[in-house]
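The whole structure should be built from the sequences, with the hints applied where relevant.
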Amino acid sequence: MSQSTSSSPTIRVEYNDTIVRYFLLATMIWGLVGMSVGVLIAGQLAFWQLNLGEQSWLTFGRLRPLHTNAVIFAFVGNMMFAGIYHSTQRLCKARLASDKLSWIHFWGWQTIIVSAAITLPLGLSRSKEYAELIWPIDLLVVFTWVIFAINFFWTLAIRRERSLYVAIWFYIATIVTVAVLYIVNNLQIPTSLLHAYPIFGGVQDALIQWWYGHNAVAFFLTTPILGIMYYYLPKAANRPVYSYRLSIVHFWSLVFIYIWAGPHHLLYTGLPVWLQSLGMLFSLMLWAPSWGGMLNGLLTLRGAWHKLRTDPVLKFLVAGVTFYGMATFEGPLLSIKTINALSHYTDWTIGHVHSAALGWNGLMTAGVFYWLAPRLWNTRLYSVSLANWHFWVGLVGILFYTAAMWVSGITQGLMLNATTDGGNTLAYPSFIETIDAIMPMYHLRILGGLLYLIGFIIMAYNLYKTIRSGEAVNGYIEVPEEQEEDRQQDLNLVGTFLNAPVMYCTIIMLSALMWLFGGDAIGFLGLLLTIFFTLITIVHFQFSVEKWSDWYDKLQANLMPFTVLTLVAVLIGGMVQIIPLVTLGKYNNPTEGRVQVPYTPLELLGRDIYVREGCYNCHSQTIRPFLGETLRYGDYSRLGEFIYDYPFQWGSKRTGPDLHRVGGKYTDAWHWRHMLDARETSAGSTMPNYPWLYRRDTDFSVLPRRIQVMRTLGVPYEEDLSERAEEEARKQAEEIAANLQREGFGADPDKEIIALIAYLQKLGKSVDASERQAQLTE
Amino acid sequence: MNETPKPPENGPDIEVENLRPHVFDGIQEYDKKLPNWWLMTLYGSIVFSIIYWFVYHTFEIGMTPSEMLERREARAAEYLIESGLGAADNESLFQMALQPTVVDAGRDHFTTHCAACHGAEGQGMTGFPSLIDDEWIYGDSPMEIREVVLNGAANGMPAWRGLIGERGAAEVTAYVISINPSLRERAEEGDF
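As they're listed, the protein sequences go chains A and B.
The first sequence lines up with residues 1 to 778 when you count with my numbering.
The second sequence lines up with residues 1001 to 1192 when you count with my numbering.
Please note that a few of the clues may not be correct.
Stated by the list, open to error - No more than 20 Å apart at the CA atoms, straight line, and that leaves these computed lysine to aspartate or glutamate pairs for DMTMM-like:
#1 B:Lys1033 / A:Glu546
#2 A:Lys751 / A:Glu728
#3 A:Lys554 / B:Asp1031
#4 A:Lys731 / A:Asp697
#5 B:Lys1032 / A:Asp553
#6 A:Lys93 / B:Asp1025
#7 A:Lys337 / B:Glu1060
To be verified - To list a few chain A residues with every Cβ distance to chain B over 12 Å, as calculated:
#8 Arg12
#9 Ile189
#10 Thr583
Simulated from the structure, these hints should not be mistaken for lab results.
From the three backbone atoms N, C-alpha and C, an ideal C-beta is built for every residue, glycine too.
What follows is the structure, encoded as structure tokens:
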């Protein structure tokens, strides 16, 4: 604790470290839960019998969202709050603004996690990845996040340190961006207390989901942890940060560019190609800004590398930052279209996210907590040797895991795309053949995950013993009683926006947009202007370095202007991509000649069951324009074929085959047998059994409200359909059941399996756009 | 910043060059130059992006994914004609049914794709027709059977063209002929 040397009277400010301790403990508990579920579902992929028979809530489709949400929001979330609350108080020389808000934040967040852990296995899911939580919990998330934001910004407002350190910049970016992403991606119209339809459908929903999904990775798993790195790494190494100007350049380029990269999750889908290209190119441009963070972390250790041998904290932090560097190299690589053609929908993606989650988030958590716990409980780390064991066991676990997924992903990707006979026949026609080929890798993955979990348990034990050996203490600082006011540093609204750096950025941005959206002549002019203003900016910068530096010094001493500029920087990318796609009317969109036929009431109910069971976790619904896919699955998917899909179900991983054109491919009887036991129809399948669908009655009573909401969303249902819906659904169910009965199956029209079959048989059956248009105008 | 540089707090081995004066909770910052290779990576990716946009979106020299698929499909179709794989007739299919290598290949396809519904012996099951009796919903000629295998049929039989291709369909047809007593007899007697 630093001592004040001035002679003026001082007061003692005690930090609120209690809340930090609570978040630390919550991190450890939820980390154990999230990782254990991870090992279980890794087991389910290798041994389908682990989808324990009758227990619907223990199937992969319902547990995988629990795993991802637990690791992202419960494990990393709580760790982030611990790190932010601890470091922000010290960087601001101020106690957290409100103890009450801190507690509301803590208990609100834990309530969200518990609600998620209950609702997701029950099948209460929105099916949007990492945004599966149903709307009442969404509201609680927004509320809690706002509480966090108020508490954080209020603390910043009463800070005794005028200038904002780089860690705080990253925290600010995190808080404002996650709020925007979460709210937009969760816009929905409830049909009941537990169910809602998203307001965007089809390709629009896909774009918004992955704008969110990709930037949840960016602003929930990356930026806050970078901020945390900027505080704890120089602290632990006792070395100055490598480069302040690198901090500036990589912070602003990172937050600006990250947002644009979302569409790389949708390459070769129905998303307009120009958006796909933007996603890929911005991902490539993101490589350097990401590595800026890694460099600043690793180069801070110059002259302190020898400490790695003795200090487990530094060992974890350095390994974490190194994994960050590897993952942020792999990310741009995977976003290159031709590489993505191989890697997407395979385990390569799974390996990629785990090298980031286990390597970057997990090891950073360990490093920070091994540093933090002895300080929060005023003691020494119980065992350095156990921390070293944790390090090596965990590291080997990560290497097994990611290596297994690389081999598995590349193997399966190559097999699924391979053709023979000059491109007329699939080289590996059976999907199951490709699963057999990668099964050894699935076993190795379980081992890797298990090792990592064991390492984490060692850490939990080590921290437990550390905590037991000490007692909770709060940090404090002596500060002068009266603060000097430094008016010189104030930046008003005009100063925020009307200055050379911001003006140049704006002009270059506008020129670039002209280039992007303008026709031939205007576009070319836009490009010339972009290059011209960029050169002017560079020249002007050379002459006015000091002035621009002074301005930035002022900016980082002014909270509101800094926050506003950050918000503007992150909003641009999303707006440029989303607004054109959403404002165009559905029929003005290029539908590529095909449009979807609205679902019948029964098919809609079946679809909601498909969503509930989490089928999207293993089955995609979009066929890419490759020979290997059109031969295997049928004609490639067109933009217009998803316009009534609320939410879209394109998925991101093919553990089983694509289902977009499964409609009509098999008989009802085939589906009946397949859902009861997939091995009956597809020997060697790893899909779970769904016996409860044959017992549970379809809830027809929800139909009127659901149809009404669909109409509100723009699905062209007839006005009175909501009244007739139940009757129509029952009629269709009876037809399907009668068909099955004729073939000797004891089908009951009231059971859920009938609705699901109705939905599956509708998939991919779109019609010619002009025909449909003619029908509608009649 | 108006502060004068403070002496390094982190010990005597810290170099003071480029050290910024401000200290945050004991953390100091250097202001080192950005590494040149890092800048080149950043500029390089920006230049690449501009060129890429020109090639694919301004001048549209590069092919879109669907154009690429069209070209590949055209090539595959050419191959089919040139290699003669696409041609088949009743006679050749009957003859193939007598060749063990062809029948073996057909059996492999059958076990993987067909047996689940038509039974391991082709005996069929509830809702799925037998292939070893004399009832043929879509005709009993080898070419008609091959057609159903390739393109599917109205009763829910899936199309297998994509999965097993022309050659696979011929092999499966040969296998089916070989396990159906009447068809097998015709093949053996040369009754085409």
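Hint-by-hint comparison with the structure:
Under the criterion of a C-alpha separation no larger than 20 Å, the hint pairing lysine 1033 (chain B) with glutamate 546 (chain A) is consistent with the structure, at around 15 Å. The suggested pairing of lysine 751 (chain A) with glutamate 728 (chain A) holds, with an alpha-carbon distance near 15 Å, which does not exceed 20 Å. Taking the CA atoms of lysine 554 (chain A) and aspartate 1031 (chain B), the gap is about 17 Å. The hint holds against a cut of 20 Å. The hinted pair formed by lysine 731 (chain A) and aspartate 697 (chain A) meets the criterion: a straight-line CA distance of about 15 Å does not exceed 20 Å.
The suggested pairing of lysine 1032 (chain B) with aspartate 553 (chain A) holds, with an alpha-carbon distance near 17 Å, which does not exceed 20 Å. Using a Cα cut-off of 20 Å, the hinted pair lysine 93 (chain A) and aspartate 1025 (chain B) holds, with the two alpha carbons roughly 8 Å apart. For the suggested pair lysine 337 (chain A) and glutamate 1060 (chain B), the alpha carbons sit about 16 Å apart, so the restraint of at most 20 Å is met. Listed as a non-interface residue, arginine 12 (chain A) keeps its Cβ farther than 12 Å from every Cβ of chain B; the least gap is roughly 16 Å.
Every CB of chain B is more than 12 Å from the CB of isoleucine 189 (chain A) (nearest about 34 Å), matching its label as outside the interface. The beta carbon of threonine 583 (chain A) is kept farther than 12 Å from every beta carbon of chain B, the shortest such distance being approximately 20 Å.
Taken one by one, the earlier hints all hold for this structure without exception.
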